[in-house]
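From first to last, the protein sequence lines are chains V and U. Using the numbering used here, you'd call the opening residue of the first sequence number 1 and step up by one each time. Using the numbering used here, you'd call the opening residue of the second sequence number 1 and step up by one each time.
The hints are simulated quantities; they were obtained by calculation from the structure and are not laboratory data. As the structure is a computational prediction, the values presented were derived from the model and not from experiment. Here a beta-carbon is modelled for each residue, glycine too, at the ideal position from N, C-alpha and C. Careful, some of the hints might be misleading.
[Said to hold, decoys possible] A few chain V residues that don't get close to chain U, going by computed Cβ distances all over 10 Å:
hint	residue
1	K39
2	E49
3	G122
4	L155
5	G158
6	R210
7	P213
8	D230
9	H239
10	G243
[Claimed, not checked] Among chain V residues calculated to face chain U with C-beta under 8 Å, some are:
hint	residue
11	Q42
12	Y126
13	R181
14	F183
15	W207
16	T215
17	L217
18	V220
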Amino acid sequence: MPDRTMNATSTSEPFSSPGEAGPGREARPRVLLVEDDGKIAQEVAEELESRGFAVRHAETGPAGLAAALAETFDVMVVDRMLPELDGLTLIETLRGRQVSSPVLVLSALSAVDDRVSGLKAGGDDYLTKPFAMEELAARLEALMRRPNNTRETMLHVGPLSMDLIERTVTRDGQPIDLLPREFRLLEYLMRRPNQVLTRTMLLEDVWNYRFIPQTNLVDVHIGKLRRKIDDPAGVPLIHSIRGTGFMLRVPE
Amino acid sequence: MQLGEVLRTATFRLTLAVVVAMIGTAALQFSVGYSQTKAFEFRRTDALLHREAALLAQEAPQDLAHKVSERATDDLRVVINQAALFDSAHHYVAGDLRAWPEGLAVDGRVHELTVRPNEDEPYVLRVLAVPVAGGRVLVLGRGLHMLAEWRLMMRHSLLVSIVPTVLFALLCGIILSHRALGRVGRMHEAIDRIMDGDLHERLPAGRQRDEMQRLAGSVNRMLDRLEHLMGEIRDVGNDIAHDLRTPLARVRARLDRAQAGTLSADDLRTVIARAIDDLDQCFSVITALLRIGEIENARRRVGFSLVDLNEIAADIVDLYEPIAETRQIRLELLAASGPVPVHGDRDLLIEVLANLIDNALKFTDEGGDVTLAAFTDSQGSARLEIADTGIGIMPQERQAVMNRFYRSDKSRHVPGSGLGLSLVSAILRLHNAQLTISNARQHEERPGALFGVTFPPPAQAVF
Chain V
1 MPDRTMNATS
11 TSEPFSSPGE
21 AGPGREARPR
31 VLLVEDDGKI
41 AQEVAEELES
51 RGFAVRHAET
61 GPAGLAAALA
71 ETFDVMVVDR
81 MLPELDGLTL
91 IETLRGRQVS
101 SPVLVLSALS
111 AVDDRVSGLK
121 AGGDDYLTKP
131 FAMEELAARL
141 EALMRRPNNT
151 RETMLHVGPL
161 SMDLIERTVT
171 RDGQPIDLLP
181 REFRLLEYLM
191 RRPNQVLTRT
201 MLLEDVWNYR
211 FIPQTNLVDV
221 HIGKLRRKID
231 DPAGVPLIHS
241 IRGTGFMLRV
251 PE
Chain U
1 MQLGEVLRTA
11 TFRLTLAVVV
21 AMIGTAALQF
31 SVGYSQTKAF
41 EFRRTDALLH
51 REAALLAQEA
61 PQDLAHKVSE
71 RATDDLRVVI
81 NQAALFDSAH
91 HYVAGDLRAW
101 PEGLAVDGRV
111 HELTVRPNED
121 EPYVLRVLAV
131 PVAGGRVLVL
141 GRGLHMLAEW
151 RLMMRHSLLV
161 SIVPTVLFAL
171 LCGIILSHRA
181 LGRVGRMHEA
191 IDRIMDGDLH
201 ERLPAGRQRD
211 EMQRLAGSVN
221 RMLDRLEHLM
231 GEIRDVGNDI
241 AHDLRTPLAR
251 VRARLDRAQA
261 GTLSADDLRT
271 VIARAIDDLD
281 QCFSVITALL
291 RIGEIENARR
301 RVGFSLVDLN
311 EIAADIVDLY
321 EPIAETRQIR
331 LELLAASGPV
341 PVHGDRDLLI
351 EVLANLIDNA
361 LKFTDEGGDV
371 TLAAFTDSQG
381 SARLEIADTG
391 IGIMPQERQA
401 VMNRFYRSDK
411 SRHVPGSGLG
421 LSLVSAILRL
431 HNAQLTISNA
441 RQHEERPGAL
451 FGVTFPPPAQ
461 AVF
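Chain U extracted, bound-state conformation (with noise of 0.2 Å):
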């Protein structure tokens, strides 16, 4: 792991900007402690001078000379830094201050000055000039050397400190990183092999709740129902092989009989005919397959509106009687009394129905019943019920006959695709609508099968 690695991970990153943030408050800090101190000093000064200026101006003027000049030993020199009497022309008299400060106003005010003396470097004074008897005027100062000491010494406390600090951080960040590299790299791994076709490795997930951790618990959900459905893809790849295998073997061998050259003409039509119609059922299991997929991959309702139950129920009912005539079946619509509106597309509806009639009438013996059903139940779904008498579906096998290519065992010599109700299953999932399988009543040998569909009430349904 190299240390540019390092230094390039979304962890490194965070620490960097922890460490401007830091150093940023920092900073905010101290200019925000500094200009406080500034103001405060400022007060502070201002009402010394002031007092100052009040005691010194209550002397007796013979006196005041010689108090200011004695100023220069004393204690109050500590607070006020400098002190000095002029004559009403600025002329020198008393005091520490040799010369009137350059654009000094007397004027009870204080004003800051830049003191420029022969002797020394220039300064700031806070400098307050008042008149006292006898037209002179008396001068007070104070430096700001505090401040200057205070501000001085922040400073180089907040170098002292923030240096460390951030060079802490760093190394933090850079640990962190290495660690949080090291988990992304045996993720890596485990993905290497995963594309390397080991289907069955997951991703690293520990005990700990972190992000790192949901993620890799998610992909490893991922992979399991990737796994799973691979598995079905692997099965359903397997029944078509078998489901295509058994009619093409059957066309092979008609074929080979037909070559052979004993048949006459008419057995041989009829040899070619029966071979056209294996064919068309290897094309029929191929057709609904590409259908079904197709329907799988439609995420677009584009072709959604309302449409009335009721009335496509009695269209499939006038479209199947003639055919449940002929298999002498009583194909019967308890009709709604009403509109039963759904939400959905009209032709994948039809082919819903279509299926389920079909496979009704497929599974129901001569002189039974078959029962078509659409209403709005109490919760204000749309629901259809089709009911059977024939051999119903065990409860074991009802969620298998959804799959594709099922087929009871019990039904293996009726013909068909195997996939019609793997189909109705794809176009309710689209719809949202739940499909039950239950008896139809209570009948030893023939419970008869209730294909019930509900559909989401029309709000919910609306997308």
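Okay, chain V solo, but in the shape it has when bound (with noise of 0.2 Å):
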């Protein structure tokens, strides 16, 4: 299971940039990092930096709040534990004070219900330490584009269309038949298009489970999806992000 782990050294993979692919390097998005720990906040920064984040560290919560208040971020990633101001009622402050930049709470291993008041205190997504950078960086990716969620009764990705009232997908016309999981699986991959998707993100989003199985569930379940989508067309749009997760890719 390499989800959470620190096994952040393999930067090598072709990871989609920030942003809509290609945007260039002035349109760099912006993240808050507030973290106590000068390790970490070192480690994660260079991290993101890499990736093609701008970063913005501060030490403590007062700094933090005084940053996020004076400069607009396209995201923040808060430590729960912070010296001066806890990091919860800093996002508390923040959301009092209409700065709606989505939020990734930040926290040492720690009981289940911690989870749930994170994301109560206004929280958009939380990971727990120790993390992979990879599993960092998708989850920002993901906070900051936000899933096409509209109301549209049709998904379109690339020669894929997705019926949510009939429940039927087709590819390049020919009907694919799925069952209701892996139908399940496959919105949520077209939902956020182009975008990596860790496994510990589909099973907590998809699954809405929030254990690390022992086994390499995901991989089967997205090869048995596989199979079905990408299989007959011969042209995959389903792909392995090595050491992260997936991608549905739309071609070019």
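Assembling the complex is the task here: the two chains are given apart, and the hints tell you how they should meet.
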């Protein structure tokens, strides 16, 4: 289970650049990192910088609050335990002042209900330490993109079309027969095209499970889906991102 | 052992309290006794005065003066200390009371007056004045000397008895405190030795079953448990070291090979990928360990709510079906007809089921069956059963598989952190649920394993 671990050294993979594909350096997404542990902060900042983020680091709660109020950030990473001003209080304060940038809450390994309180305070996602850098990057990306949650009854990604009412899927007009669980998984992928989705994200969001399975569950489900979506057409849409997860990529 | 230390002991302080109580009791006894005696003595005095006055009043008026003065030598003096006759203007006529007592009223009632004779100290009398024939007044008085004597005697005897009693009690207190201090001192010495690292040392607990020895017994049982736990931790430490060393050694060997520089780019990539897999194995062990620690420390059950096991079971089967399919194992859900409510944490219960199913799939061969059932049993308890058709678990191994890191020798080749079942038992302990392991069926080579989980009935499970 590579999901939450710190094996974050392989950056050679063609990770999708943040923001829309290829917007150029000038549009680097801005991240506010509020983290008191200098070592972790440095590591995270360097990693995110190398992935094209512009990182602003604040060491304490008040400093983070001041920074978040002074400038606009695309996304924020806030540690739960901060000196002087607790992370959750910080988020609540920001939400109270109409700062709506998405927030990912970082926390040391802790009880299940911690997650709930983190999300209740206004956090948008929650990640427990230790985590893989890929996991963090993928989640930040997901937070910035905001999924395509339109009320439309049809989803279209490349050659794929999904009818949410009829519960049918076609590729290049050819109907594909999917089980309900496969339909759910594909819907999640289609709402987030060209975006790296980690195994943990899929487990949490598609199946609503918060445990780390001993087996490659997600891979098997993706494999089944792939066989139905990609195999007949010959051109793969679902790609594996090594050491990270999967991506539904629209062919150019 | 210093005297100060003795005087500070709980035993000695208790002795002091007893001594104070003793003195208080004696004082109370004395004062109640005295007031009772006083009331009795007053009544007796008044009755005597009235009777004597009535007797004297019957005398002929001419004899009365003689009778009264004669009383000075009479036996009756013991009873009636003073007697005198006054004329109507309260002038002395006869008797041993020379002056009219100040404040005395002739009303046939007994008065308590202080008499101040010229030649003597003033003293208190109970006095009765009755009119007699010839307009004269007969005055009879009785002193309170009996009462005073009695009080003096009682006070004296009280003092004489209380002083040695108190001294004796204090002495006993000091001796008992000394003994208690000695026992506590021996316990302190034992505790010091334990703190110095001698974990086999125990507190002295004698045969008497007094509170001190019961406490020592409890502490000893606690020490036994701690020693056992320490042993477990040591074993777990060794197991962790072993389980981490193997993959780490492989990583090292692979990196060595990569460093040698004779590999092609493709081979290098393979080597690195395998090294990452080995490291992931290490991380999975560490993550599972942290998770178990987290669950075992979670005293809180705030995340608990009413959860439907049937629904969770259906979800889990949906999640694991593709895996079973790829291994050609039939994964079957024997669903209950209605909801199977359990008071618990949904996420943790999913983890339990996922681990048990995962485990069952791992130990079942191709073509086998894994069956999951959730139902409410005849006692009203929710029950889960996970049965497989694998090699099964030997009765003598059933307890051990729930311990950390235990992996049957038969299953050494099966990948995994070896912590899945420890995680399951930690979560079930949090839910007060019972986990049992038995054979799933009658079969010589493949009896299969049946993991049964019984939850407490909902009424008991609400904390």
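Report the numbers of all earlier hints that the structure fails to satisfy, in ascending order. Numbers 6, 7, 10, 11, 12 and 14, in rising order.
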